[in-house]
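K.L.:
Okay, here's what each chain looks like letter by letter:
Number of protein chains: 2
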Amino acid sequence: MKKFINQIENVLTESLSGFASAHRDLVTLQLDPTYLTRSQKAQNKVVIISGGGSGHEPLHAGYIGFGMLDAACPGQVFTSPTPDQMLAAAEAVHADKGVLFIVKNYAGDVMNFEMATEMLPFEHATVLTSDDCAVVNSTYTTGRRGVAGTVIVEKCVGSLAETGADLATCKALGDKVNARTSSIGVALTSCTVPAAGRATFDIAETELEMGVGIHGEPGRKREQMRKADAIVHDCVQAIVTDFQSKGLPTNQEALLLINGFGATPLMELYLIYHSAAKLLAGHGICVTRSLVGNYTTALDMAGASITLCLLDDEIKQHWDSPVHTPALRWGR
Amino acid sequence: MKKFINQIENVLTESLSGFASAHRDLVTLQLDPTYLTRSQKAQNKVVIISGGGSGHEPLHAGYIGFGMLDAACPGQVFTSPTPDQMLAAAEAVHADKGVLFIVKNYAGDVMNFEMATEMLPFEHATVLTSDDCAVVNSTYTTGRRGVAGTVIVEKCVGSLAETGADLATCKALGDKVNARTSSIGVALTSCTVPAAGRATFDIAETELEMGVGIHGEPGRKREQMRKADAIVHDCVQAIVTDFQSKGLPTNQEALLLINGFGATPLMELYLIYHSAAKLLAGHGICVTRSLVGNYTTALDMAGASITLCLLDDEIKQHWDSPVHTPALRWGR
Numbered sequence: 002m003k004k005f006i007n008q009i010e011n012v013l014t015e016s017l018s019g020f021a022s023a024h025r026d027l028v029t030l031q032l033d034p035t036y037l038t039r040s041q042k043a044q045n046k047v048v049i050i051s052g053g054g055s056g057h058e059p060l061h062a063g064y065i066g067f068g069m070l071d072a073a074c075p076g077q078v079f080t081s082p083t084p085d086q087m088l089a090a091a092e093a094v095h096a097d098k099g100v101l102f103i104v105k106n107y108a109g110d111v112m113n114f115e116m117a118t119e120m121l122p123f124e125h126a127t128v129l130t131s132d133d134c135a136v137v138n139s140t141y142t143t144g145r146r147g148v149a150g151t152v153i154v155e156k157c158v159g160s161l162a163e164t165g166a167d168l169a170t171c172k173a174l175g176d177k178v179n180a181r182t183s184s185i186g187v188a189l190t191s192c193t194v195p196a197a198g199r200a201t202f203d204i205a206e207t208e209l210e211m212g213v214g215i216h217g218e219p220g221r222k223r224e225q226m227r228k229a230d231a232i233v234h235d236c237v238q239a240i241v242t243d244f245q246s247k248g249l250p251t252n253q254e255a256l257l258l259i260n261g262f263g264a265t266p267l268m269e270l271y272l273i274y275h276s277a278a279k280l281l282a283g284h285g286i287c288v289t290r291s292l293v294g295n296y297t298t299a300l301d302m303a304g305a306s307i308t309l310c311l312l313d314d315e316i317k318q319h320w321d322s323p324v325h326t327p328a329l330r331w332g333r
Numbered sequence: 002m003k004k005f006i007n008q009i010e011n012v013l014t015e016s017l018s019g020f021a022s023a024h025r026d027l028v029t030l031q032l033d034p035t036y037l038t039r040s041q042k043a044q045n046k047v048v049i050i051s052g053g054g055s056g057h058e059p060l061h062a063g064y065i066g067f068g069m070l071d072a073a074c075p076g077q078v079f080t081s082p083t084p085d086q087m088l089a090a091a092e093a094v095h096a097d098k099g100v101l102f103i104v105k106n107y108a109g110d111v112m113n114f115e116m117a118t119e120m121l122p123f124e125h126a127t128v129l130t131s132d133d134c135a136v137v138n139s140t141y142t143t144g145r146r147g148v149a150g151t152v153i154v155e156k157c158v159g160s161l162a163e164t165g166a167d168l169a170t171c172k173a174l175g176d177k178v179n180a181r182t183s184s185i186g187v188a189l190t191s192c193t194v195p196a197a198g199r200a201t202f203d204i205a206e207t208e209l210e211m212g213v214g215i216h217g218e219p220g221r222k223r224e225q226m227r228k229a230d231a232i233v234h235d236c237v238q239a240i241v242t243d244f245q246s247k248g249l250p251t252n253q254e255a256l257l258l259i260n261g262f263g264a265t266p267l268m269e270l271y272l273i274y275h276s277a278a279k280l281l282a283g284h285g286i287c288v289t290r291s292l293v294g295n296y297t298t299a300l301d302m303a304g305a306s307i308t309l310c311l312l313d314d315e316i317k318q319h320w321d322s323p324v325h326t327p328a329l330r331w332g333r
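Sequences listed follow chains V and H, in order.
When the first sequence is numbered by the working numbering, its final residue is 333 and no position is left out of the sequence of numbers.
When the second sequence is numbered by the working numbering, its final residue is 333 and no position is left out of the sequence of numbers.
Do not rely on the hints blindly, as some may be mistaken.
No copy labels: a pair is met if it fits in one copy or bridges any two.
What the hints assert, rightly or not - Below 25 Å or equal to it, Euclidean Cα-Cα: the simulated DSS-like pairs (lysine-lysine) are:
(1) Lys-228 with Lys-4
(2) Lys-177 with Lys-247
(3) Lys-3 with Lys-279
(4) Lys-222 with Lys-3
(5) Lys-247 with Lys-222
(6) Lys-3 with Lys-228
(7) Lys-4 with Lys-279
Source of the hints: derived by calculation from the structure; they are not laboratory data.
Since this is a predicted model, take the numbers as computed values, not measurements.
Bound conformation, chain V alone:
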């Protein structure tokens, strides 16, 4: 394992300290318990808090700021944060209109966020993201996994919360965006968790893992490596089938997110985008919003995921609205 680290037990704290220092105009870090908030506390709005294991950067702390999250609670690498982190974060940012947690569907996260809500003295609700159409039930999950589509949920709900919308309305939008979002990922290599010191799984130079999870969980199938168009074809097919099984008409506008897992060059991500947009057009899906880059990573895994969100006027409005965070910034 070759990584830019010092002691394994300090990786998270040192990295978060660098993050908070580099973005001190936007975010503030607290330790013991560990959470990050906006540098300028928002007033009189539903506060949006997310969190989860680290190793998926810029998810979630990179999305703290105007138009998106109020706080984020990072756990150790690929490990859920603990309820005291969520409680402390909620106490710090609460702004009199309740707390909305956005949680990726993994057993540890679900359990710890639930424990936090049980102790929380504020009105609260939770949006559970489950956009990964690859598999139902997985290594750390009952039901579908929450993956890169979570970024779209956080962006849209964050935007709505800035308008002063109430808790139920924010939760409803989050649930709607999640329902209209489908993702699938492909791994070309494993990731390496620093504390483990070795690859999470073995994969041959001739293989790919179709439907991999963002912690290296198994996907649908170990397959032969092939051309990008053939890989993307199968991913797009999986997503379209998922929408059809939900009864969602696909003949509409969509947001296409091509997400790198950490070690895949932007050049390849844009090539995937090119391939996917063409294939989607063949299904009557017109890509009118795009995001290409490393937005929900799996440490140093080579690979990428494709996420499609079926747009409507409300989702478009909240996707396009201004956002000002370390990892997403536009419109102001």
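Use these hints to put chain H onto chain V, whose structure you have.
P.N.:
Here is chain H on its own, set in the frame of chain V:
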């Protein structure tokens, strides 16, 4: 070699097509010859054009837009663009105040941009970037290499050009920023050029390449892998020594850019930032501007570079000013 590609000869065109489609509000792609411009042509300003071999994405096309470049000319992977590309780009974007080329110091780029200027019917000047303090002369270079500091030059000169400044003034700022910027990179793995199909160089699991170039060129020394703080210490020392050798006082404000080469997780880049900022403080250097991420990559190389730019009021003003490109966006 496992990459998301179809035919090797189509990688660049497919990737650029995806890029132009994903960012069609900002950039437009032309083929034969290949160049990219802003979607909205700027008027009455010095136009800023850059280019170079592909494989360093988002450099340079990712920096096309308001406040930065007017056009970019991508060559094949790690291969200079040809003069007809620069000529066509200049013809397309020229806006009556001359053309400023920003060129990284590699023999092929220098030669081809020079050939273009010889045929160019417009007033023109060139800023040659040479921020890499690792080595003098290298595989593809006479003199120092231009690396990630080029992003800072493009940002500042691009900002100045928007104010209507004349060609000589834009060139002078570019030269000044380049002189006040120093970089050094470290590779943990090689990159793999698609057309070659194998690693550019061999490196053991226990080794790093100190001072590596962004094409995998040799650096100062093959060294033993060690803790991040020890690696960063040597990088910071090299940069500080470089400034001292130029007679530049280091006891001042600076911009710190931690650049990933393509396969290094953001978590590690922020850890490097944390380490570097502390060490710089020990040299009296106060980091007041930051950029952390993949901004000048080397395909799928694991590794990172540290770039420091010594700020003055003029550079700060042009760094902070609004920019609206696919890869850098703030302030509007």
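K.L.:
Next step is simple, just say for each hint if it's right about the structure.
P.N.:
So, going through the hints one by one against the coordinates:
1. Lys-228 with Lys-4: This pair counts as between: shortest inter-copy Cα distance 9 Å, intra-copy 30 Å.
2. Lys-177 with Lys-247: within (12 Å within a copy, 59 Å between copies)
3. Lys-3 with Lys-279: The answer is between: 23 Å across copies meets 25 Å, while 38 Å in one copy does not.
4. Lys-222 with Lys-3: between (28 Å within a copy, 17 Å between copies)
5. Lys-247 with Lys-222: For Lys-247 and Lys-222, only the intra-copy Cα distance (23 Å) is at most 25 Å; the inter-copy one is 57 Å.
6. Lys-3 with Lys-228: between (29 Å within a copy, 10 Å between copies)
7. Lys-4 with Lys-279: Between copies, since 20 Å is at most 25 Å while 37 Å is not.
Violated hints for the displayed structure: none, as all numbered hints are satisfied.
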